[in-house]
Amino acid sequence: MNSKVLLNAENINQLAWGAVNGCEAASLLEGLHYQQRALELSYGQFLLQMPISEDANPYHGFGGSPFKNQPGKFEAIFTRPLMWWGSQYGRLQELSGADPRWLYASVYDHNPVLTFVTVHFEAPEWDQYPFGMVPSNNHAVLLDGVDVDRVHVSDPIDGQYWLTKAKFEQSYNARRMAITINK
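Start counting the sequence shown at 2; every next residue gets the next number (the numbering used here).
Derived by calculation from the structure, the hints in this document are not laboratory data.
Careful: at least some of the hints might be erroneous.
[Claimed, not checked] Keeping only pairs whose Cα atoms sit at most 20 Å apart, straight-line, the calculated EDC-like set for lysine to aspartate or glutamate is: (1) K69 with D159; (2) K69 with D56; (3) K5 with D148; (4) K166 with D128; (5) K184 with D56; (6) K5 with E95; (7) K74 with E95.
[As the list claims (entries may be wrong)] Cβ-Cβ distance ranges computed for the label pairs, FRET-style: (8) L7 with G73: 23 to 33 Å; (9) E11 with Q50: 15 to 25 Å; (10) P131 with H111: 18 to 28 Å; (11) G45 with Q71: 18 to 28 Å; (12) V149 with P72: 19 to 29 Å.
Quantities reported herein were computed from a predicted structural model and do not represent experimental measurements.
Beta carbons are placed, not taken as given, at the ideal position from N, Cα and C, and that holds for glycine.
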């Protein structure tokens, strides 16, 4: 394995599009575009196609609105409905539960990984919802680079940057939810 790889996926700024809760869709589209898929779709067009959960359960679709916060709703979409939706555009592979080394191996194979972390990689702030315990500071980023002790992410809020594997893994390991966007 190479000591360093940087896929240099695009960065979609969800806030510039008014999508305060649109991190999963932005990260997914960044990965699809990297693999030369869904190139005809802008982020705005892509968001309008996102499946919305009627029961506000992120395991069934997006729970709420990507454009505004709604009391009592958990504005997110988790891996299964993301896989169903994103598979219309490209080859996705569920990596939830995977050790971080599997994510890194995927990036070394030039397949970026949508990873569920927390905003600014801070400690999870757990809240109870009807569908289970989840971090209220939920966030998703695209993992698109790895070197010996750092990872590179395309973060829909904070842009593109390197951070230590230790900091990344602390946030990722809280839930171990990920999807690889394959060639």
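Practice item. Output the numbers, in ascending order, of every earlier hint that fails for this structure. Key: When the structure is compared with the hints, numbers 4, 5, 6, 7, 8, 10, 12 turn out to be violated.
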